[in-house]
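*Asks:* Residue numbers (our numbering), protein chains in the order written: chain A, 1 to 752; chain B, 753 to 933; chain C, 934 to 1240.
It is possible that part of the hints are untrue.
Stated by the list, open to error - Computed cross-link-like contacts, BS3-like style, restricted to lysine-lysine with a CA-CA straight-line distance of at most 27 Å:
(1) Lys881/B - Lys546/A
(2) Lys1074/C - Lys1235/C
(3) Lys1235/C - Lys669/A
(4) Lys864/B - Lys1235/C
Simulated from the structure, these hints should not be mistaken for laboratory data.
Spelled out, the chains give:
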Amino acid sequence: MSKNIDLTQEGIQVKRSCCFFCHQNCGVLAYVKDGRILEIEGDPNNPTNQGALCCRGNIALKHLDHPARVNYPLKRKGKRGSGEWERISWDQALDEIAAKLDQIRNEFGAEAVTTAGGTQRTDDWARRRFMNLYGSPNGFHNAHLCWIPTFMVETAIYGWCPFETDLTSSRCLVQWGHNPGASGMPEMRGINDLKQKGLKVIVIDPKFTETASKADLWLPLRPGSDLALALAWLNVIIWEGLYDAAFIENCCVGFNELAQHVKDYTPEWAAPLTWLDPELIREGARMYATNKPGNIQWGVAIDQSGTPAGAAMHARALLRAVTGNLDAPGSDLLTGPSKEFITDEEMEANEWLPEEQKAKQIGSDRYKITSWPGYGKIAQLCKDVWGKAPTAEWMCEAHPPSVYRAILTGEPYPVKALLVSATNPVNSYGESLQVLEALRKVDFLVTCEYWMTPSSMLSDYVLPIAGALERPTFHSVYGCSDFVIATQRAIQPMYERRTDFDFWRDLGIRLGQAEMWPWETLEEANYYRIYPLGYGVSSYDEFVEKVFYHFPEREYYKYGRIGFATPSRRVELVSSTLAELGYPSMPTYIGPAENENDDPDLAEKFPLVLTTGGGFMPFHHSEHFQIEELRFLRYEPYMDINPTTADKLGIKDGDWVWIETERGRIKQKANLTQGIHPRVIVTQRGWWYPEREACEPELGGCLESNTNVLTSVADKDCDPIGGSWANRGLLCRVYKVESSTITSGSNGKDGK
Amino acid sequence: MARYAMVLDTRRCIGCHSCTVACKVHNDLPVDMIYNPVTTVGPVGVFPHVHMEFIPLLCMHCANPPCVECCPTTASQQREDGIVWVDENKCVGCKACVMACPYGARIPNHEKGVVQKCDFCKDRLVLGKEPYCVATCHQRARIFGDLDDESSEVYRLVNQENVVRLLPELGTEPYVFYIMD
Amino acid sequence: MKPKEDIWGWMLAVDFFFAGMGGGMLVIIGVVEMFLGEGRTSLIANFIAPLFVALGALLLILELGRPFQAWRVFLNPKAILTIGAWCMLMAIGFGLIYATFGIKALPWSGWVVIRKLVAVFCVIFGLVVATYPGVLLGRHKSRPFWTGFGMVTLFLTSSLVTGSSAHLLCNLILPPAKLEISTILPYLAAGLLAFQLIFWILYMWMKKTGTTDREAQAIQSWINGDASIGFWGGFLFAGSLIPIVLLLIPSAISYLIGVILVLLAGLWMRINVIHAGKTRTWLPGEERYRGRLPLGDEAFLKAWLKD
């Protein structure tokens, strides 16, 4: 892997693989000889990264054969969490797991088996297919916190999620709770390029982020107050007459109702809620509305804000509609699903899940837009207009906190098994103490992993999973884009690793699904999917090598031809779909999950406002803390605090501090910065310490600095529409860690 | 003859540390060796009126490199194309250059007992490739090239943009230029 | 937070101490020989002076990353370190040759011209060895504590102070054949100490009011920070002022205590001067960046070491 390796030597094959360490799926060229990868580099021909790679991409070979990787199927020997393992064969593991799942289905029903996922680096259609055929509706991811509710609310209003920003001819970009400067390097490059050509950039973020440092306008709002801001923007745009009258006239319904609805949501009304100057609110609204075409790029922050999340994403979505920034050149495009290749949804076998099982989906009685009641309705509308539906995996899932609660309480029914794939729930899901209890309690826990994470430490079986270089990747934005970028495996999986497609398929075959899994390998399945594109290739690898990606010709203003996929076939400024599901048809103000206005007593006890979860380099979610080359750059967790506040609390830069909410407390080091409001605290996400003991009670220090100890999943803090729980806009307090309670950053024990 | 130089566009750099990692991993450096840190300046000012810059650092490949003249073994040397490099076979690890370099660009390798540094990936240049830190940069914030070549991007930037050099008062004449906002 | 940066360590400082002291002794030995004749310095001093330089050289070698390649430091005549290395070698050689003239059994002990010539070389190379660390440090433009000509004077002075004190110590152990110099030595040492005292205060004043803020900041820890007690109380008071008084009291005990204090102060000064050079003129944002890097013994760095 060094410059000393001669890459021109004979026998080297260059494989067109990709990086898997975030969603961008940057292209990676792998130089392979005799089944070993000698070197990797960014693929200059990949349209996403054009040759570049971020920190994480560069450590692909360190990741591939890191000494801490799980390389063989493991079965626990001692008690759960004892750290004692026995190496077994895949056949034994699959036989035993299948037998157990069969037994659970017979005793408790298929719905007693659930699966947890993380972010997208898995073959999710395969998991969904397995679950549908097995009969359980209870698969889930952190979907409710990340894009999915936004996708569904926007699809309810205008028939698809306009996630494709047509930036090339855009004049204004709103980054709403989104920091590609730390989380999406290729995106940020595009913004940098366009900024130099005059693109105006508005960043809405409590923190002065990397992206904010390049912006024309920064709106540092109170965490969780996005709804107030969005409503005020609607007010400014509508009542100052900055809307797109022709688009509203021709394509929308309900404008007058909306105008009346937002009449009182003035910038002056929003100012005390958002902590922003009314003029700054106006300036932002005007900048977006008058620099057309413009874009509002999706950002995760609203999805993570709990109670007001659904209404806020609804209001944000309406901003595009009233300004006509939909499916026009330079605006946010409604591409619809691909009509040309087989989509994820078509691979999922959703039609095989009986209606009575769909009805049992945990949380679907409350959080309807992201579960069968809402998805079913919206998917049908999409099929009517687009011919195909959005992916069900992700868009239609059990509500994770409710599943963990079901494990603990047996309500609404017993949950007996949890199959975990590509996630470390203790660190990634809300209210870690509850998640940890659920993992300890659940009868049967299987984890498919790269590493021995705090969650896999508690498992009955840990199965070794192949990484990005060891599997083909079919990149189509959670199965919802009309384009595909296809990459191949550089090598066969090392040791006894397998792809999760293999895992679900082999498990399915053992549970009587054999004829539903005609594809023996992921390449075969992918070939089946790209075959209709008609490139005349005879294998998936040939497609990767000769075609690589498929981008259909852009067709703007498609709604003129097919309408919008809503009941009225128009953009519904007053949403009939939301109303039918029992939700407000227009966004109405709700305060942040925890706030000083609705709960002054709580605010007295916890006077600061907390936001958690923003991405930061060089890590990703709870990953990569083992990779020394990355960890060296940030080996300890840091929280942001304004120097004025720190001074009052006697906190100096670099001090360990406790951050405490009603749920619990964690410690991180203080980073004194003028980049946040004196009343706001920002913690880093994901932290655990894989260098510590991999068994109970230490569990890799998974609670010590883990920001999810602080988040809230209480029903009252969850968004009633999409089920988001509260990661942002919480109330907290901060105080210094007394020196006697810590030893050092990387090996100190919790002093509680 | 070429004269290699690098331009760092701080308007584009976002402090993602990709260059730092790419350099370390691909040059096979021990974990604790960093040739090219990226520092953060700020946020400067008082909330909410702040600004922030990211400053990628590396060897400046100076025209008057103090690290070369102080080397007692001649291991530290400069090529005609300006690249300052260390011949590891000759280096004895006296750290005179570490102390002499005003830019922190000289890093002792404790495994090998020698001092190492950025050499603009001179072995890659032979293959027609750019230094790792340049190739890996998503933001295209690092621009590398030949300053003697009037058609090069670095020539254009150095002559048309508002560029500064670090610690110019020391008279080292760096060949690394910074475009500041 | 401590910014992590690899720099010269204590061994180099101890090298400067011994080599400087040896160099200072050689200067005195040579000057005395040239102008007053032989037998006026202790034979122990004559031998120990080059041995001190050799000890310094040994420490210098041990400080290297690759000690067995040490011979390579002689290869760049333009480098101060190379000049220093050659001069140390010469100082050791001429010092040892000169010392052997004191052994009457050796046939060349009576070759006066050669002895005088060797003495001249002892002065020249001793002077260079006593001075060059100051030149080396003073040339570091980006190390604000060191930069400037002041370091040269300070190191030369300290070398002569410790050198003359070491002579005094040697005289107490084995008095020279002819004693007239022995009576002057304490006054010489006391005078140099007085000069050192004044010059260090001047140096601090110059840095504080000097050309750049960085220089003023660099000496801050010596004036009223972490190193201030060591500097004012230790080096200047206990290591310079007190010995001046002690050396003016003609008694073996007061000489002994005075010399020990002087030597300890000389050692302290070099270790702390080297340490102070750690602070480079930081580039924008660099101090915080380095301050947050691991120091190297963190658990995560050792947890997954292969074998």
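*Asks:* Which earlier hints turn out false for this structure, listed by number in ascending order?
*Replies:* Hint 2 alone not satisfied by this model.
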